[in-house]
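Could you put together the complete structure from these sequences and hints?
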Amino acid sequence: MLSVQNVHTYYGKSHILHGVSIDVGPGEVVGLLGRNGVGKSTTLKTIMGLVRPSEGTITFEGRSVAGAAPYHLARLGIAYVPEDRRIFRLLTVLENLRTGLDRPGVPPERRDALLAKVYGSFPVLRERRNQAGGTLSGGEQQMLAIARAMMLEPKIILLDEPTEGLMPRMVAQIHEIIDVLHGDGVAILLVEQNVRLTLEVSSRVYFMEKGVVRHHAPAADLRRNDAVIHQYLGV
Amino acid sequence: MTIPFDLLLIQVINGIVTGMILALVASGLTLIFGIMDVVNFAHGELFMLGAYLGSTVFLTTGNFWLALGAAVMGIGLLGAVIQTTTLRPLLGRDPLTTILATFGLSLVLQNYALWQYGPVPRKINEPITGHFSLFYLEYPWYRLLVAVLSAAIIGGLWLFMKYGKYGIWIRATTQDRVMAAAMGIPVPLVHTVVFAIGAAMAAASGVLFGPLTGVNHAMGLDFILRAFIVVVVGGMGNLGGSILAAIFLSLLEAFASIWVSPAQAVIVSFVVLILTLLFRPTGLFVPTPK
Amino acid sequence: MTPDRLPEHGPPHGNGRGAVRPPILRTESLTVRFGGLTALNNVTLAVPRGEIRAMIGPNGAGKSTFFNCVTGVLRPTSGRIVFDGEDITGLPPHRISQKAIARSYQITNILPGATVLENVRIAAQSRHHSWSLVRHHRAFVDVIDRARAVLDAVGLGDKEEELAANLSHGEQRHLEIGIALATEPKLLCLDEPTAGMSVSETRATVELIRQIATDLTILIVEHDMEVVMGLAHTITVLHYGEVVAEGTPAEIQANPRVQEVYLKT
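Chains as they are written, first to last, in the working numbering: chain V, 1 to 235; chain G, 1 to 290; chain B, 1 to 265.
Just so you know, the hints here were simulated from the structure itself, not pulled from any lab data. Predicted model, so just to flag it, every value in this text is computed and none were measured. Some clues are possibly wrong.
[To be verified] Distance condition first, Cα-Cα at most 25 angstroms in a straight line; then the derived DSS-like pairs of lysine-lysine:
| id | chain 1 | residue 1 | chain 2 | residue 2 |
| --- | --- | --- | --- | --- |
| 1 | V | K117 | V | K155 |
| 2 | V | K13 | B | K159 |
| 3 | V | K117 | G | K165 |
| 4 | B | K99 | B | K159 |
[Unchecked claim] Some chain V residues flagged as far from chain G (calculated, every beta-carbon gap over 12 angstroms):
| id | residue |
| --- | --- |
| 5 | P26 |
| 6 | D84 |
| 7 | P168 |
Using N, Cα and C, we set each Cβ at its ideal position, and we do this for glycine too.
Written out as structure tokens, the structure is:
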């Protein structure tokens, strides 16, 4: 469904991605692991059109989307949850959700159903729905960022390090949410440094190093043999 | 020397009235800057062209309100065209390029106005004539109407941004345009619409101002200058701040004109500007940055 | 498909730690707080003269903050930094530079409109400038010679007339290192010198650092483990602003606490 082929991305002259290739099938949860600075976030940003690749192709459902505008990709069904969450601090929780909900072609019943569903998964957001986004705690902001992406009814969500800086209890919540999304048939490309969570939710995992994908294995194999993990993530 | 109470009250009213029009002009400026980081040096020309367009419509129809409506629509549309052709391609580049672009635009519009309308001043008549007695002065009703209308327009804008269907789009894009785009908000379109709104507000101010000073090429030149001061003092991009700053500065100037001539009273605004830049450069009416 | 390991490199003298000479850089209980956030917490370490010391740690561990303290960009909340026997805590960057500490940046700080030689000459000049106009001419020649020597050291000797903007990314990073070298530092701080480089450019940079390390102390922040393991004599691991482990590359790799920090399993 999403196919990234041989993508090169530069920040100015800095060559960050040296030919990255990744595939995500419909409904799949795919992990992308690697140390800091290897280009995981840059890969997601390139897919989402926040940064233009200089080479390579990106196809989504058969359409070529490399270099397309982010709002176009969101309309096509790709949602993005950035590493620093980037919720709209001065908008209320509900207004944050509405940035994704207020789309053309969504009848009121579906709107209400979507809201109800997300409030069901994240009761704390219903409680705080009229509070400004900036007043939420870190974990709550992460929930909001994911809920906001869900409002787009996406076919795939690009999740950038959702558990960073979160307490173990919230990490468990993230796990649950990923399960719910997976159950709904939403594909997820998960960039993480938390290996355990990634192995638990993903079916396949890519490993990146220095701007390239170096290894690719089914999660089941990795759970049995973690030598690869030490090689690409350890010290 | 004690100041007579009636003089004080008159100046307060004057200050608030002028402040409201100033707020209307400044709001458009700060709105544009807040969302797309563009300092619109052509804002004064949009103000002036609005007045001229209004005067033309007034000439043919004799109706003030039609003139106001036409100016708002016409200049709003002009704003949209300007933004799409000249400013949109420059988005993301060095901010200096947009400053040069709007400055160039202001020169083009100035000369266009001269060519289109000629050097002879025009007239717009106020829709309500008549005065009421304010102490020893005959105070024109129209001045009050202007203040009320300005407040209404600004209020309408605020309501639209807060509760309107697409108000969220504008507010989200102002706060984080990259993330807004990632949420499916068509950011380039939002930019165009906001610029058009800003231009329309400038045009409305021009028509409202018209009956007070007459429509000519130099109208509101120092007015626009004050608008820029207001935007800086109020905090660039801060809508509420610029409204407060507009009223604050106008009141200060009104009081100052008790002792000196109005032309000299503008010094007060400059003093406030310098003090703001020295001590609270993000704006007087902005919460202390963390 | 295992990437080749860079050859091991031993410490310059004896065991490389707690050597006989006093450390060239020492911090005592260095703490940096930004409001409620503690970026560095009681960091005490000592870098012996001539060592290549790497600082590693996950995101947000405090490596950049540490760098910024040592190079005078940031003032620590408490604690001391002692360089070559002198307390340099809280000194501004230009004074730090005078103390012979140089730094390269993650985002290159070269002057794109100037030639390669000019870039380095300006840095070299900062060391030996005099106010006298009469001496000026002869001193100028010396400065150019010094600049040329630095360019040779970083492998850009044949590109001295090239505009810095026209260099490749790897060459620009080497120029950056050259600019730092031209100030004749005793301590060179390198901030992610191989970021954005291809594998071959990385290897070239590692070689370069090894060559210039002969009479210099080097402090390097890096994410690339191959670079770190191959270059460093001693590694300091930071996590949440605290020193979690310190030791030779072999010791760090064998340290379970470090694996824990990095793998979060």
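Holds or violated: are the alpha carbons of K117/V and K155/V at most 25 angstroms from each other?
holds, 17 angstroms
Beyond 12 angstroms from chain G, beta-carbon-wise, is P26/V?
holds, 20 angstroms
Would you mind confirming whether the straight-line C-alpha gap from K99/B to K159/B stays at or under 25 angstroms?
violated, 30 angstroms
Are the Cα positions of K13/V and K159/B separated by 25 angstroms at most?
holds, 18 angstroms
So if I understand the rule, the pair passes when the alpha-carbon distance is 25 angstroms or less; does K117/V with K165/G pass?
Given that 25 angstroms is the threshold and the Cα spacing comes to 22 angstroms, the pair holds.
Chain G versus P168/V - minimum CB to CB distance exceeding 12 angstroms, so not interface
holds, 28 angstroms
With 12 angstroms as the threshold, tell me whether D84/V passes as away from chain G on beta-carbon distances.
Non-interface label fails for D84/V: nearest chain G Cβ at 10 angstroms, not farther than 12 angstroms.
Of the numbered hints given earlier, the model fails hints 4, 6; all others are met.
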